[in-house]
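As given, the protein sequences belong to chains A and X, one line each in that order.
Per our numbering, the first sequence starts with residue 354, numbered consecutively.
Per our numbering, the second sequence starts with residue 354, numbered consecutively.
Don't take each hint at face value.
Identical copies carry no separate label here, and so any pair may be met within one copy or between two of them.
[Unchecked claim] Simulated crosslink set (DSS-like; lysine-lysine; CA at most 30 Å straight-line):
#	residue 1	residue 2
1	511	580
2	634	509
3	481	591
4	634	580
5	459	509
6	540	405
7	504	540
8	634	405
9	504	634
10	455	648
11	455	540
12	634	591
13	511	459
14	504	580
Everything labelled a hint here was simulated from the structure, so no lab data went into it.
2 protein chains.
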Amino acid sequence: MNSAIAFSHWGRLGALTLSALLFVGSQAQAQTDPLPSWNDGPTKQGIVEFVKATTTQGTPTFVPSAERIATFDQDGTLWVSHPMYSQVMYCLDQVPALVEKKPHLKAVEPFKTVLSGNREAIAKLPMKELEEILAMTLSGMSVDEFNTQVKAWFAKAKDPRWHRPFTELSYQPMQEVLAYLRANGYKTYIVTGGGQDFVRVYSEAVYGIPPEQVVGTAGVTNYEYQKDGEPFLIKEPKLLLNDNNAGKPEGIHLMVGRRPVAAFGNSTGDRQMLEYIHSGKGARLAMLVLHDDAKREYAYGPALGLPDTKVGTFTQALLAEAQTHGWMVISMKNDWKRIFTFDE
Amino acid sequence: MNSAIAFSHWGRLGALTLSALLFVGSQAQAQTDPLPSWNDGPTKQGIVEFVKATTTQGTPTFVPSAERIATFDQDGTLWVSHPMYSQVMYCLDQVPALVEKKPHLKAVEPFKTVLSGNREAIAKLPMKELEEILAMTLSGMSVDEFNTQVKAWFAKAKDPRWHRPFTELSYQPMQEVLAYLRANGYKTYIVTGGGQDFVRVYSEAVYGIPPEQVVGTAGVTNYEYQKDGEPFLIKEPKLLLNDNNAGKPEGIHLMVGRRPVAAFGNSTGDRQMLEYIHSGKGARLAMLVLHDDAKREYAYGPALGLPDTKVGTFTQALLAEAQTHGWMVISMKNDWKRIFTFDE
Chain A
354 MNSAIAFSHW GRLGALTLSA LLFVGSQAQA QTDPLPSWND GPTKQGIVEF
404 VKATTTQGTP TFVPSAERIA TFDQDGTLWV SHPMYSQVMY CLDQVPALVE
454 KKPHLKAVEP FKTVLSGNRE AIAKLPMKEL EEILAMTLSG MSVDEFNTQV
504 KAWFAKAKDP RWHRPFTELS YQPMQEVLAY LRANGYKTYI VTGGGQDFVR
554 VYSEAVYGIP PEQVVGTAGV TNYEYQKDGE PFLIKEPKLL LNDNNAGKPE
604 GIHLMVGRRP VAAFGNSTGD RQMLEYIHSG KGARLAMLVL HDDAKREYAY
654 GPALGLPDTK VGTFTQALLA EAQTHGWMVI SMKNDWKRIF TFDE
Chain X
354 MNSAIAFSHW GRLGALTLSA LLFVGSQAQA QTDPLPSWND GPTKQGIVEF
404 VKATTTQGTP TFVPSAERIA TFDQDGTLWV SHPMYSQVMY CLDQVPALVE
454 KKPHLKAVEP FKTVLSGNRE AIAKLPMKEL EEILAMTLSG MSVDEFNTQV
504 KAWFAKAKDP RWHRPFTELS YQPMQEVLAY LRANGYKTYI VTGGGQDFVR
554 VYSEAVYGIP PEQVVGTAGV TNYEYQKDGE PFLIKEPKLL LNDNNAGKPE
604 GIHLMVGRRP VAAFGNSTGD RQMLEYIHSG KGARLAMLVL HDDAKREYAY
654 GPALGLPDTK VGTFTQALLA EAQTHGWMVI SMKNDWKRIF TFDE
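Isolated chain A (complex conformation) (with noise of 0.2 Å):
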């Protein structure tokens, strides 16, 4: 046997256990369930449906892998947020610091009010003064010390309920919807009211979504220069995008460039969002997370059938919006096997 017929068996071979492989491999996959934290239902079926039909080439549904781009709404979308967002508990924190370097601070509102730990005074706090906190206490510092301070205060702060890190919270189908998508050639955004910049810090390690797929509402940074010439970026209290709202579909042009076709939500503030990328021209996939399940997790918004002026950012009328476009909702308690991970 000369050595080119040796080659050419040892190829075809090759290519065979190759192929036998690959045919184990896409079998196996098959066979797979993508969601297994989701109850078998029309909500998750709606989910299947939308992937196969943007993903079947030759179909008028198809979406070309580049315009594959899926938005997702983080707080109360992708992890817990209720009673009080994980951002503002952090600025809460960071109160009595600020003060040690600001002390005229100290006997003005709000922050009196915080450092005198009155936790039903400060849930009292009026929206603009929370804005006020937020503000001072997400701006003043270069963005390198602002990573480095949020990632030190997750490695401690504990949720009041389950007593674990904030970063374990985020609910399991979401991930694996996440995970179903990029597997599918979508390209996964976090379009978050929350801030840019705080939610950047762990998106890679608790989504897996790095940190230039992170769109939220950000400030002004200001180029300047340390006194041996470094260069740096300080993050200033002045707000460049409010994304919320009309500013979610806005800030997604701002940053992707490009309208999504799939969204999901759970909260007033991503009506407009889910109303733009659900009418783009072709398949469409908008979902809303409802938070029906008080033993699990939480019953608020509409679960709860009160009128809307007692329910905040998640209404009946967005509820009806959804029934009325198609939107698909999304219920915790029914749809969900598991919520946690570390549910049983």
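Once you have looked at the hints, place chain X on chain A.
Relative to the frame of chain A, chain X by itself:
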């Protein structure tokens, strides 16, 4: 021979064949020059050594693939921008249609001068009046209408010297750098002083860079509704991000969220981007394209030895700074074997 042995035998042969193929593959790659349009010399070597340094595991200069971000200015760095930016030509070409919609502008400067067709007078318009033309012709329509208009213009417009579509005037050596970096796990971004929405129209076709990887000067958009209730985004004549000078590192932080490790520019508008990126820790690459090839492209800026007051955007001071900081200077004349794909 039982089937277990047969399988293991196949498996071994398969593995051997695969590694033989990979070995042949890497040999072949090592022999292929990734930068064939570059002359050998320290500039080309600098690029190749940077890529090796940042992609060789176990070295102190290794950069994890998620952090491999490279940013490129566009005009004058990736394609011809002399004697006039194509975007300015686009805006001037839109003036007749603008005046048709708003007839009162016909007798008003600077629109009157543009309509006169007097090239000398147009070239002398002060920057403030030029900015007024840009703001008026780049706003007042939906983002979808704008995309369509820009696409239609590029399909017809030709540059005055080579009489070719502008999209054929990218520099082949820079296209090779883009491809070489991407083949080594880099995400390539355009960071342009030009309009973000404008450049996004052709960035994918011309450079293989998707819209979401274009950072540029951006205006405000507003989320509005058509009469039939369809939502759309309208472009407003209001600046959100001036992506020049300090605006480049600020824009990179806003849109990318990490400090890149490589940057390419050609003018004073790129100074802070090069400085910011080069001052980061670890292996860094900062390069300036010097327009010193009067025959094949243009010679302008410091190549002419003129005082900075007469030079415009690429100054002797910038060149001196490059030498001080160790940013590499690309001489179009000496470093590039060919400039355009249509060069012989």
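(request) Using 30 Å as the alpha carbon limit, work out where residue 504 and residue 634 are close: within a copy, between copies, both or neither. (result) Intra 41 Å, inter 20 Å, cutoff 30 Å: inter-copy only.
(request) With 30 Å as the alpha-carbon cut-off, assign the pair residue 455 and residue 648 to within, between, both or neither. (result) neither (43 Å within a copy, 62 Å between copies)
(request) Have a look at residue 455 and residue 540 and pick one of within, between, both or neither, based on CA distance no larger than 30 Å. (result) neither (43 Å within a copy, 42 Å between copies)
(request) Could you figure out if residue 634 and residue 580 sit no more than 30 Å apart (CA to CA) within one copy, between two copies, both or neither? (result) between (54 Å within a copy, 18 Å between copies)
(request) With 30 Å as the alpha-carbon cut-off, assign the pair residue 504 and residue 540 to within, between, both or neither. (result) both (25 Å within a copy, 25 Å between copies)
(request) With 30 Å as the alpha-carbon cut-off, assign the pair residue 504 and residue 580 to within, between, both or neither. (result) within (26 Å within a copy, 47 Å between copies)
(message) With identical chains, the pair residue 481 and residue 591 could be close in the same copy or across copies; at 30 Å between alpha carbons, which is it: within, between, both, or neither?
(response) This pair counts as both: shortest intra-copy Cα distance 15 Å, inter-copy 26 Å.
(request) Using 30 Å as the alpha carbon limit, work out where residue 634 and residue 405 are close: within a copy, between copies, both or neither. (result) Only inside one copy: residue 634 and residue 405 sit 17 Å apart there, 45 Å across copies, limit 30 Å.
(request) Could you place residue 634 and residue 509 in one of the four classes (within, between, both, neither) given a Cα distance threshold of 30 Å? (result) Between copies only: 28 Å across chains, 46 Å inside a chain, cut-off 30 Å.
(request) At 30 Å max between alpha carbons, let me know whether residue 511 reaches residue 580 within a copy, between copies, both or neither. (result) Cα proximity of residue 511 and residue 580: none, with 38 Å in one copy and 49 Å across.
(message) Checking an output row: residue 459 and residue 509, CA cutoff 30 Å. Within, between, both or neither?
(response) within (25 Å within a copy, 65 Å between copies)
(message) At most 30 Å between CA atoms: does that hold for residue 634 and residue 591 within a copy, between copies, both, or neither?
(response) Between. Shortest inter-copy distance 29 Å satisfies the 30 Å Cα cut-off; intra-copy 37 Å does not.
Hints 1, 10, 11 from the list above are not met by this structure, while the remaining hints are.
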